[in-house]
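Novice: Given chain A, work out where chain B should sit, using these hints.
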Amino acid sequence: MVDNLGERIPLTIADWDAKEGSVTVVFNEVGRTTHKLASVKAGDSILSFTGPLGLPAHVEKFGTVVCVVAGYSTATCLPIVKALKSAGNRVVVIVRAPTKDMLFGDEPLRSAADQVVISTGDGSFECVGFVLEPLKEVMQKEKVDRVFTAGPVCMMKLVANTTKPSKIPTIASLNPIMVDGTGMCGCCRVSIGGETKFACVDGPEFNAHLVDWASLMARRCTYSIDTHSPVRYQCLNCAQW
Amino acid sequence: MPQKLNLNRVEMPRQDPHIRGKNFKEVALGYSAEQAKEEADRCIQCPKKPCVSGCPVNVDIPDFIEAMRKGDMAAAVRILKSKNALPGVCGRVCPQESQCELECSLGKRKAPVAIGRLERYVADWERQNKAVMPPAPPLAPPTGKKVAVVGTGPAGLTVAADMAKLGHSVTMFEALHVAGGVLMYGIPEFRLPKEVVQGEVDYVKSLGVELVLDAVIGKIDTVDELLANGYDAVFLGTGAGLPMFLGVPGEDLCGIYSANEFLTRTNLMKAYLFPQYDTPLGMGSRVAVIGGGNVAMDSARCALRLGAKEVYIVYRRSKAELPARHEEVENAMEEGIIFKFLTNPTRFLGGGRGWVTGMECQEMELGEPDASGRRRPIPKKGSEFLMKVDTVVVSLGTSPNPLIAATTDGLKTTNHGTVVADEKTGKTVKDRVWAGGDIVTGAATVISAMGAGKRAAADMHKFLTDGQK
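Chains as they are written, first to last, in the working numbering: chain A, 204 to 444; chain B, 4 to 472.
Bound conformation, chain A alone (with noise of 0.2 angstroms):
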């Protein structure tokens, strides 16, 4: 919460340094906090900043994990990444980045993960059906045991979709929209196998071949149409409409 007159958000933490006492958080510029968050200058303070909520990454020895990741999850998977890496994994990042921008900086990436496929496609952002094909081709040529995405929930649809028939656990890290976080208004929840779960306390990672997509993606753009914000997100090529 930035001010006073401030919107709870939930960001997901991409970096921290206990002996700084710093937290990083990597966000876009879609919406009105978003807006005022980035305006925020060094040095200045906000109003509010709670957490970690929800429950930690899953992570132990699995064997060939591939992360599918786009947008602002670019940065956020990073601490999942070298977690998996140190424990024993061999890891492979699959990044969708229309603009050298939206890559964060690839070298941590690259430091932390055996292998890094960089998928910039044309350049128009929306178009996420870039990640599947470098997908397609790693679940070719080895075999994958599981497989965690994040970003736009239309990719993680499809990654969820790509990898179902070959039945490959597949960890979805959702985004709904959240008020308190703490587990009491009900607002992020997403219907997992038909049964209701809070992804600010339950998650935020879920089974993705078990997640109501559809669902997620009205309930995500409850607020899509802010007339007053300064800066508005549109997802152009979105199926669903």
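Keep in mind that the hints were calculated from the coordinates and are not lab data. Possibly wrong hints are sitting among the right ones.
Unchecked claim - What follows is a set of in silico ranges between Cβ atoms, one per label pair, in the way DEER data are often shown:
no., chain 1, residue 1, chain 2, residue 2, range
1, A, H261, B, E228, 19 to 27 angstroms
2, A, G397, B, D434, 38 to 46 angstroms
3, B, P278, A, D317, 42 to 50 angstroms
4, A, P259, B, P278, 33 to 41 angstroms
5, B, T349, A, K346, 45 to 53 angstroms
6, A, P259, B, Q201, 31 to 39 angstroms
7, B, A409, A, R313, 36 to 44 angstroms
8, A, T430, B, D434, 53 to 61 angstroms
9, B, E228, A, F252, 45 to 53 angstroms
10, B, D434, A, H261, 51 to 59 angstroms
Glycine included, C-beta positions come from ideal geometry on N, C-alpha and C.
Specialist: Positioned in the frame of chain A, the structure of chain B alone reads:
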């Protein structure tokens, strides 16, 4: 003494229903000085003081009323606050009709003394006359004991105030960005102005209580970590924050909210002042609120004030079984909320963009009383009908947030998710840990949580001063 006793209470002025339905300003306007004096004069100062035992925190009711009658408002404040840290809140939201006022001797003849309204008058007088208030009585000398209070709703604030007065060093931990719990996020401005709540929180802080905001216990520190890090005792007052849903098809459609989300957006985040405030609330023009409690009434009345054209309360039993306070039901009816009794939703229908467009309902009839003592609603076969709605608020009640129980070893919980604690002392089965309020009882009232807080504070104090084992 008055020559002839007036058997009718002095009415409290309220905003006109047609006007108040369009604003978030307080509905009940409070007594004037003359009205307060007139009502205070009705108290007969009976020797048995049945009202005191009717109060969960045993406020010395006849004494503060007597001080008012003598015109010594500062004394009235002192007497009231010696037992109740949150009089401005209690004067507004306590169900006095089933507590102190139910026991009032005058009630046997006609209308009981309007104790709640007088309490509110005293609290409001203090807020407006800070400058002339004599200094508060000194706190007990420091005991050197440290107490952690988890949650800053009515139970937590009460424990914090009582323990601070007894000389303990108290830290309150609050998950949200403001203290007050349900008083801030749940109860709407028009029933309990946030300025009043903030005033009470400030009072508790003025007793030397430290407040840590944005601190989710169970995440940032566990209860065991608090105990290991220097706190001698911990009080759990995290309330019942987990919303229940109907579990019928279509409930995840857009435009369907838990009452918690609807009220949190409206009250805590001030969505009614959007876009000046950043938090939006997507609401249509035909709103159905499912449920019959105070929270359902609050949600319906908020929806009306947010500009809905038609607001329905959909309740599966009849008017007689409504769990909401009579006064709130009356207020809602006056404002034009439409009640659909003996009606239960069976599924929700959606339209474009996944937004709710309708609700299939079933008519009900009442059978034999169930475990709750209320007559059980039974669906009427073939009675399904469709209600056109574009916003739904599900207000079926709440259960405790499982976070604390899940992260604390050795705490006992029931199948309802409530924490097991001794009714008289609030002591849990875990060493040095007490609990009270909705986390123990499930969703109940502000004052019952405060009563539990008072009892827990007394027992914690006993333990910290002579019970150390």
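Novice: For the pair A/T430 and B/D434, does the Cβ-Cβ distance stay inside 53 to 61 angstroms?
Specialist: holds, 56 angstroms
Novice: So the hint says 45 to 53 angstroms: do the beta-carbon atoms of B/E228 and A/F252 match that?
Specialist: Since the Cβ atoms of B/E228 and A/F252 sit about 20 angstroms apart, the hinted range of 45 to 53 angstroms is violated.
Novice: Is the distance from the Cβ of A/G397 to the Cβ of B/D434 consistent with 38 to 46 angstroms?
Specialist: holds, 41 angstroms
Novice: Determine whether the Cβ-Cβ distance between A/P259 and B/P278 falls within the hinted range of 33 to 41 angstroms.
Specialist: Check passed, 36 angstroms falls within 33 to 41 angstroms.
Novice: Does the hinted range 51 to 59 angstroms hold for B/D434 and A/H261 at CB?
Specialist: Violated, at about 32 angstroms.
Novice: Cβ-Cβ distance between A/H261 and B/E228: within 19 to 27 angstroms?
Specialist: holds, 23 angstroms
Novice: Falls inside 31 to 39 angstroms, the C-beta gap from A/P259 to B/Q201?
Specialist: holds, 35 angstroms
Novice: Does the Cβ distance between B/A409 and A/R313 fall inside 36 to 44 angstroms?
Specialist: Because 38 angstroms falls inside the window, the suggested range holds.
Novice: Within 42 to 50 angstroms: is that where the Cβ-Cβ distance between B/P278 and A/D317 falls?
Specialist: holds, 48 angstroms
Novice: Measuring from beta carbon to beta carbon, are B/T349 and A/K346 in 45 to 53 angstroms?
Specialist: Once the Cβ atoms are compared, 47 angstroms apart, the range 45 to 53 angstroms for A/K346 and B/T349 holds.
Of the numbered hints listed earlier, those contradicted by the structure are 9 and 10.
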